[in-house]
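Given chain A, put chain B in place with the hints provided.
For the protein sequence lines, the chains are A and B, in the order given.
Take 1 as the starting number for the first sequence in this note's numbering and just add one per residue.
Take 253 as the starting number for the second sequence in this note's numbering and just add one per residue.
Everything labelled a hint here was simulated from the structure, so no lab data went into it.
Among the hints, erroneous ones may be present.
To be verified - Quick look at which bits of chain A chain B covers, simulated, 3 or more residues with Cβ under 8 Å:
#1 21 to 32
#2 57 to 70
#3 190 to 204
Positions of the beta carbon are idealized from the N, C-alpha and C atoms, including for glycine.
Residues per chain, in single letters:
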Amino acid sequence: MLESFSSVDSSRTAPTEWLLARVTGRERAAAILGDLAEMAITRSRLWFWFAYARTLITLGWRGPVAFVIALASVRIMCRVYPMWVQYELRHLKSEWQINMFFRQLAVASGPFLNATAMCLWFVLPFAWVRFGLRDRLTQFAFILLLCTLPVVSFHEWLIDASSIATMLFLLAAVISPLWRRPLAVLAGTSITAIAAIVCCFRVLAMSQHRAFLTFSPTKGVGWLITAFALAFAAFVCSLLHRKLLRQRPVIA
Amino acid sequence: MNPERSLGEFEQIVLLAVLRLGDEAYGVTILAEITAKTGRNPSPGALYTTLHRMEDKGLVTFRDGSPTPERGGRAKRFVIVTREGRNALASAQSAYQSLLQGLDLLDAQLFGGANA
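Excised from the complex, chain A in its bound form:
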């Protein structure tokens, strides 16, 4: 009879359970490890470790892959967007006037739309890979990105339309029970990302006795800070998604 895993020193299985709990939660991890131990009684120790590794990868690959893809998306956006802005500014008329219908809205919404679009360049690919295309957060982020994207067009009427469409969509999301929670998850993730980046840059500026608003770190350091902040934002996004968007079951 093969050695039962109940006789294995619990200190050896604690790290495996801890690692599995990082990707699937503590209760699920304990139950899964118990199942594998029970099945391994009639198989082999090698089978147990092989099954454990496969289960760990199957349950945990989405998070890291989603983060890497989202980070690459931000990286591409950071390279393409300045080039696009410079191209547009070169071709703008010298007397370009902001002739928009709602002047105050235009002045306020431009930076807001830009910031929203930039956050969505991270959140959308992350949510798409992490939670799937049918997930409400993914769909919400996609619609919002479509609304805010015209802000980079530098055409007045498009920016007007984009501002109004975005405001109406956000208002509808606040009112609608279906979209209120995805909005909360998106807002929490975006605020976390922006706050983390600002805090890190501020701390770095203070450590080098530089003024925050004029501080410009080296490219590598700046990117490292951004990646760290976005990793934290990805963690918050997953946490909020689990708390707010996971459906409560009704037992038959």
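What follows is chain B alone, placed relative to chain A:
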């Protein structure tokens, strides 16, 4: 009211196995039941991914059993199909039955081959 859930093939197999096992449905028994009834040998990871996805969709829920020595003192986690899971399964099976009506799967003319 939640929109109807469409079920994948493996999700339906897992739900049916859970319903067949009743109160004894947990990871080990579900895998054994699927292997016995379908001849498939799904990996534990595939099963748990499906169960967790269905829990997130609200199709199943879990209740904890008692810890046992052969599980290293860990409790079993029994699976229960929710009302929404039953409805989704019934809807999927109804769709299959509707598509199968009028079709004779042993019909030689339809499938040709050595029986034609």
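Results for each hint:
no. : hint       : in the structure
1   : 21 to 32   : holds (count 6)
2   : 57 to 70   : holds (count 3)
3   : 190 to 204 : violated (count 0)
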